[in-house]
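Make the full structure from the sequences, and use the hints.
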Amino acid sequence: MPTKPMTAATKQKLFKTVVQIADAVPYTDATLARVAKAAKVPVAQLQTQFVDFTHLLIAVQQYILDELRDNVIDATSHLPPGLERVRNATKVYLDHSLQRRGLRVWLLQARREQPQLAEGLRRQNHSFALVISTEFHALGWPYPLAAARLYLAAIQEAARLEQPKGEALAYVREAIWDIARFYTHQVKVGVAK
Amino acid sequence: MPVKKAPTRKTPAKITALEPREALVAAGLRLLADGLPSTQLTARVVAAEANLKTPQFNKTFPEFPLYLASILRRLSEQVRAETLQAIGRKAPSRDLVRKAITAYLDAILRRPALPEISLAMRAHPACQEVTRERINSMVMLGTLQLKMAGVPNYEGLGRLGMAMLFEIANSEYEARRALPEYRLTLDAYFVGP
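Here the protein sequences line up with chains Z and R, keeping their order. Counting with my numbering, you get residues 33 to 225 for the letters of the first sequence. Counting with my numbering, you get residues 22 to 214 for the letters of the second sequence.
Warning: the hint list may mix true and false statements.
[Stated by the list, open to error] To give an idea of the interface, some chain Z residues facing chain R are shown, with a C-beta separation under 8 Å as derived from the structure:
| no. | residue |
| --- | --- |
| 1 | Ala41 |
| 2 | Lys43 |
| 3 | Lys45 |
| 4 | Ala142 |
| 5 | Ala185 |
| 6 | Glu189 |
| 7 | Leu193 |
| 8 | Tyr203 |
| 9 | Glu206 |
| 10 | Ile211 |
[To be verified] Taking lysine-lysine pairs in the DSS-like style, the calculated list, with each CA pair at most 30 Å apart, reads:
| no. | chain 1 | residue 1 | chain 2 | residue 2 |
| --- | --- | --- | --- | --- |
| 11 | Z | Lys220 | Z | Lys197 |
| 12 | R | Lys168 | Z | Lys220 |
| 13 | Z | Lys69 | Z | Lys123 |
| 14 | Z | Lys220 | Z | Lys123 |
| 15 | Z | Lys36 | Z | Lys69 |
| 16 | R | Lys120 | R | Lys168 |
| 17 | Z | Lys220 | R | Lys120 |
| 18 | Z | Lys45 | Z | Lys72 |
| 19 | Z | Lys72 | Z | Lys36 |
| 20 | Z | Lys72 | Z | Lys43 |
| 21 | Z | Lys197 | R | Lys168 |
| 22 | Z | Lys220 | R | Lys80 |
| 23 | Z | Lys197 | Z | Lys123 |
| 24 | Z | Lys48 | Z | Lys197 |
| 25 | Z | Lys123 | R | Lys111 |
[Stated by the list, open to error] Chain Z side only, calculated, beta carbon under 8 Å to chain R, not exhaustive:
| no. | residue |
| --- | --- |
| 26 | Arg144 |
| 27 | Gly172 |
| 28 | Tyr175 |
| 29 | Leu182 |
Since the hints were made in silico from the structure, they are not lab data. For each residue, glycine too, the CB sits at the ideal point set by N, CA and C.
Take a look at the structure:
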């Protein structure tokens with residue numbers, strides 16, 4: 033008998049379950065069956081909805097990227113362009129990465145093997161870079177998209193560095209604020225001052 | 022008293038095993054330097070360039086990704102050597118940082134096979150290891166330069182700065198040309214206007 037398509041609420045519940053499993057189970061042990069058991073849904077239903085584990089991960093990746101975007105909007109929409117807004121957005125990004133630590137590890141490993149996952153992240157990064165570039169453009173940086181892509185690369189590296197300890201690292205945050213101050217014109221010279 | 026023989030560095034058997042390996046790697050590097058896309062490197066093409074038979078290639082490199090990892094390692098060494106040459110034994114300065122950034126990016130641009138193979142083979146453990154070593158070695162170099170230049174928080178800035186540098190290298194690889202606006206954006210931060 034064909035299974036019913038999942039409702040948005042059921043999907044969200046499922047994605048949250050995947051996030052929880054990722055905190056406890058290594059990627060190599062992750063399977064569709066394991067997720068189905070933890071989420072108390074039939075494997076057949078997951079197969080109908082997502083086909084396989086990779087496609088489930090693609091959907092979960094999009095779910096946490098959307099969650100991150102919403103968190104950034106919540107934390108910045110009331111602020112004018114400038115250092116404080118960039119700092120708030122950066123802090124939300126880094127804290128979100130720490131909260132979703134297990135899943136990030138899964139995704140990092142999965143992206144090496146599944147180009148579709150890497151492509152999803154690449155597209156999302158492009159959107160993030162465009163958003164950041166409008167910020168740098170408003171602040172008068174001469175090459176806003178270039179600055180945005182470099183700044184995003186720095187944030188991602190910061191998130192990667194904080195990953196193993198699972199906590200904010202002072203030297204990393206200090207470095208990212210230094211870069212943010214420079215590209216938002218708060219200081220005239222960066223590291224080599 | 023019996024006279025001990027001076028130890029030989031390699032047994033004859035090892036020398037014969039090493040020679041084709043070296044010849045095959047050198048042949049691949051020559052082909053790439055002459056403009057052959059890395060996707061067109063095959064056991065047959067490389068063996069012919071090295072004046073060897075294809076079975077000799079297959080015996081030396083039972084898996085083609087292992088050959089690509091050797092090529093990757095050699096290209097990485099070349100990039101590092103060119104970057105170090107730009108730094109030389111000069112005293113750390115703003116201008117030296119700019120020179121090192123330019124030398125690194127130019128060296129990568131001249132070797133599109135490096136990012137190409139790195140990306141295509143990212144799921145293979147041998148290639149992952151070479152890429153990891155390349156990144157670590159460049160991060161160490163960058164961090165050391167900042168430390169010698171007396172930059173506070175050289176560790177954090179070195180790591181995030183290198184992530185920005187790698188982002189430029191990736192962007193330039195995608196564009197297949199130097200991107201001055203990206204280089205200027207990074208130079209401005211590390212070196213000043």
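Indices of hints not satisfied (ascending) | Violated: hints 1, 2, 3, 4, 11, 13, 22, 25, 27.
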